[in-house]
Amino acid sequence: MRSIAAIFQLTLRSLLRSRFLLCVTVLALSVVILLPLTIEDDGTVSGRVQVLVRYTLGAVTFLLSVGTLGTGPGLVAGELESRRLQQVLVKPVRFGQVWLGKWLALVTVNALILGGAVLLAHGLMRWTLRESRLTAGQIEELHSKVNVTRVALAPEDVLLSESEITANIDGMIRSGTLHSDVPESAARMTAAQRIRFERNVVPPGGTKRWSFPAVRPAPADRPFLLRVQFLSSANEETREMEGEWTVGEPGRDPAFRSRVRLRAFLPQELVIPTMNFPAAVPLEVTFRNVEAAAPATVLFHVDRGVRLLVPAGSYGMNLFRAYGLILFKLALLAAVGITMGSLFYTPVAVFTGFFVLVLFGFSGYIGWVAETGVFYVPHDHGAPEIAVSGKIVQALDLALKSAYRGVDRMLAPLRDLEPMERVAGGERILWRDVGRGLGIMVGVGCSLMAALAIGVFRRREMG
Amino acid sequence: MSAIIQADGLEKVFRDFWRRPRVRAVKALTFEVHAGEVFGLLGPNGSGKSTTMKMLLGLLHPTAGRLTVLGAPPRDVRVKSRIGYMPEESSLYPFLTAEETLDFFARLFPLTAAERRRRVAELLEMAGLTHARHRLVGEFSKGMARRICLAQALINDPDLILLDEPTSGLDPVGCRQVKDCILALAARGKTIVLSSHLLADVEDLCGRIAILYNGVLCALGGVRDLLEEPEQMQIFLPALSEDRRLPILAWLRDQTGVEPRWDHPRRNLERFFLETVREARGRVPDQTGVRISEEIRLAPFLSGSRGET
Ligand SMILES: Nc1ncnc2c1ncn2[C@@H]1O[C@H](COP(=O)(O)OP(=O)(O)OP(=O)(O)O)[C@@H](O)[C@H]1O
Ligand SMILES: [Mg+2]
Numbered sequence: 002m003r004s005i006a007a008i009f010q011l012t013l014r015s016l017l018r019s020r021f022l023l024c025v026t027v028l029a030l031s032v033v034i035l036l037p038l039t040i041e042d043d044g045t046v047s048g049r050v051q052v053l054v055r056y057t058l059g060a061v062t063f064l065l066s067v068g069t070l071g072t073g074p075g076l077v078a079g080e081l082e083s084r085r086l087q088q089v090l091v092k093p094v095r096f097g098q099v100w101l102g103k104w105l106a107l108v109t110v111n112a113l114i115l116g117g118a119v120l121l122a123h124g125l126m127r128w129t130l131r132e133s134r135l136t137a138g139q140i141e142e143l144h145s146k147v148n149v150t151r152v153a154l155a156p157e158d159v160l161l162s163e164s165e166i167t168a169n170i171d172g173m174i175r176s177g178t179l180h181s182d183v184p185e186s187a188a189r190m191t192a193a194q195r196i197r198f199e200r201n202v203v204p205p206g207g208t209k210r211w212s213f214p215a216v217r218p219a220p221a222d223r224p225f226l227l228r229v230q231f232l233s234s235a236n237e238e239t240r241e242m243e244g245e246w247t248v249g250e251p252g253r254d255p256a257f258r259s260r261v262r263l264r265a266f267l268p269q270e271l272v273i274p275t276m277n278f279p280a281a282v283p284l285e286v287t288f289r290n291v292e293a294a295a296p297a298t299v300l301f302h303v304d305r306g307v308r309l310l311v312p313a314g315s316y317g318m319n320l321f322r323a324y325g326l327i328l329f330k331l332a333l334l335a336a337v338g339i340t341m342g343s344l345f346y347t348p349v350a351v352f353t354g355f356f357v358l359v360l361f362g363f364s365g366y367i368g369w370v371a372e373t374g375v376f377y378v379p380h381d382h383g384a385p386e387i388a389v390s391g392k393i394v395q396a397l398d399l400a401l402k403s404a405y406r407g408v409d410r411m412l413a414p415l416r417d418l419e420p421m422e423r424v425a426g427g428e429r430i431l432w433r434d435v436g437r438g439l440g441i442m443v444g445v446g447c448s449l450m451a452a453l454a455i456g457v458f459r460r461r462e463m464g
Numbered sequence: 071m072s073a074i075i076q077a078d079g080l081e082k083v084f085r086d087f088w089r090r091p092r093v094r095a096v097k098a099l100t101f102e103v104h105a106g107e108v109f110g111l112l113g114p115n116g117s118g119k120s121t122t123m124k125m126l127l128g129l130l131h132p133t134a135g136r137l138t139v140l141g142a143p144p145r146d147v148r149v150k151s152r153i154g155y156m157p158e159e160s161s162l163y164p165f166l167t168a169e170e171t172l173d174f175f176a177r178l179f180p181l182t183a184a185e186r187r188r189r190v191a192e193l194l195e196m197a198g199l200t201h202a203r204h205r206l207v208g209e210f211s212k213g214m215a216r217r218i219c220l221a222q223a224l225i226n227d228p229d230l231i232l233l234d235e236p237t238s239g240l241d242p243v244g245c246r247q248v249k250d251c252i253l254a255l256a257a258r259g260k261t262i263v264l265s266s267h268l269l270a271d272v273e274d275l276c277g278r279i280a281i282l283y284n285g286v287l288c289a290l291g292g293v294r295d296l297l298e299e300p301e302q303m304q305i306f307l308p309a310l311s312e313d314r315r316l317p318i319l320a321w322l323r324d325q326t327g328v329e330p331r332w333d334h335p336r337r338n339l340e341r342f343f344l345e346t347v348r349e350a351r352g353r354v355p356d357q358t359g360v361r362i363s364e365e366i367r368l369a370p371f372l373s374g375s376r377g378e379t
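Which chain is which? The protein sequence lines are A and B, in order. Residue numbering for the first sequence follows my numbering, starting at 2 and increasing by one per position. Residue numbering for the second sequence follows my numbering, starting at 71 and increasing by one per position.
Read the hints as simulated data drawn from the structure, not as lab findings. Here the structure is a predicted model, which is why all the values come from computation and not from measurement. Every clue listed holds true.
Distance windows between CB atoms, simulated:
# : chain 1 : residue 1 : chain 2 : residue 2 : range
1 : B       : Trp88     : A       : Gly116    : 43 to 49 Å
2 : A       : Glu419    : B       : Phe371    : 52 to 58 Å
3 : B       : Glu299    : A       : Gly97     : 54 to 60 Å
4 : B       : Thr182    : A       : Gly97     : 20 to 26 Å
5 : A       : Gly124    : B       : His131    : 54 to 60 Å
6 : A       : Gly97     : B       : Arg367    : 35 to 41 Å
7 : A       : Gly97     : B       : Ser373    : 27 to 33 Å
8 : B       : Phe371    : A       : Arg95     : 23 to 29 Å
20 Å max Cα-Cα, derived SDA-like pairs, lysine to any residue:
#  : chain 1 : residue 1 : chain 2 : residue 2
9  : B       : Lys212    : A       : Arg84
10 : A       : Lys402    : A       : Tyr366
11 : B       : Lys97     : A       : Gly464
12 : A       : Lys209    : A       : Leu161
Over 12 Å on every C-beta distance to chain B, these chain A residues come out as not near it, computed from the model:
#  : residue
13 : Glu199
14 : Pro204
15 : Phe301
16 : Val359
We put the beta carbon where it would ideally sit given N, CA and C, even for glycine.
Here chain A stands alone, though its shape is the one from the complex:
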């Protein structure tokens, strides 16, 4: 403990004197101030918040990631090369203690800089969005959409019954869509997907219904929101469709009924005013396709078609949870940096560290490749788009695909813990997510890094 504290303090002092980190800090803080001046928003309060919070803190996170990976390796590799660490390691100190002390120091520095940036961004947001400068409509938007965070509730899954699937398969075989000797499991999977899509299709004049679990009533100044996302068969991406929406308790007259035109393709939000029911009740949402001018079929997004956004907590706490999640990610990068510094000499260590950062950045792309393959060879239908000797490419493709899938599986938990989008969109980050972030990134990720460093260092020479 005492040794860790001594190394922690020493590292903290050396970090606070580091020019590189000073540059990163100055850059980060100036980004928070300057970025909102250079990016145009769409004029709405939410748009302003996107710029003031999401983009600035996104840029700060990136800068801190670079800063952390730029300094982390030097804390071990650099000190070994200057023969300072040797003098520490001939004392009765385990390498694990050195690692931990240095990691804690790097995380502390990150926490301080990030904390400063978050506070600054928050202050700037409050200052630019002060009520004296806003119109009445904007003030209302500020209160109803920005100051309140909401939990996105998904509708209850309508379970697919086995008999429904069997009937669907039979239908496909009869109509010749499906060959009868397709393996049973593949046929069932196809049928299930088909049913799921079919259920989200609403033809002109048709109706669709979603059930939500019991929710508590919301006060007037913190209304529910309904977020919807759909495609239109009219094949124009941003076409407007008219629909009739109701929200209410099942089996009763709906408390909310409204005919609105909503744009296809992008997520849209509908404000549901006060729900005046006395206690927590389950809710039902219906949609009727009433587009008259140019009737078209509506296809709701299979996974994100309709979400009920229920008020839960304040903006400040949400920002704090986001801060936690970002910090955990930086802590993981600090662990990566220090471990790379324990395995390699400085340039190699910095390079491998940045490679990991690039992996983080491209995690979406990696997920996509893991799905589709590298060479994009259509296996069973149509002519190959690239004329190369098929077998080799297919084998290579398979190998790369599984490699990508492995990396993707490691990165997946990090991907859905991206907090800034949710903060700016007013979506509540759950404490459960914060806990999960702590567990995955610090508990598992950092421990693995530490174990790797300690394991390899045991064999390392320090001439």
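Place chain B with the ligands on chain A using the hints.
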């Protein structure tokens, strides 16, 4: 006497990236160091002295051979708490002051805060750096940094002290003080291994020495035994006038059958220098450098060796 260090067939090969042997720095080195002795490792540049020291410390792994230090493998943490090491280059954290440097190293040992403060103060005093304790070691002269390096090696009151070229970079006063310090430590029962190519230093200090050349052990033994020339002898007399000297020399020639040689012994430069500085101390105020004290006073916390004698 029990062996503090036992090296048996020690070998070190440095390899390149492809694991091909590049340098054979130490070859088949076998020696022992006993409790309470001052053991010298001698040899020209690149003969493997520092490499051997680093193996003793567990910083490098022997390619072959067996090595025990204080009865255990060198990487054992219990061993490390009884060792003090002064590397050949003073690599210190330049942003710490002298006092903070010693305090940092002290905190790596299980000492109470009060004990830590006492040791740091005593070592600063011993190193002659008390007045410079609030200065950054990054600004220190080479010799001042050497002194801090020696002080940090003693912070845990070690039983075994490894000193890699302890006097390099020190002025003659500093050399003399470090040598006195080593002798005083040895008198308290510490075991000391030092490397140097300053032969006069080694001769003054070491009981036994090993001479390495290109990693090979070429000589090993007590300094007296190795250096004594039993076939010759010296006689010291007060200076004699010519008329008294000639008959004595004639008599010696008759007795031994060889022509005796005579000369005036010269004061050695070290002693002359020390006397000059001592005289200057009263006249020139000391402001920047190290404060020269009359004689080295070991830090009082440096007790006799624990356990061994
Ligand atoms: N880390 C290393 N990698 C490769 N070769 C090394 C390494 N350290 C030392 N050597 C080589 O090992 C040999 C012995 O070096 P060592 O530093 O032990 O010599 P030394 O006796 O201490 O010399 P000096 O008197 O100059 O300090 C030299 O040829 C040196 O080049
Ligand atoms: Mg050397």
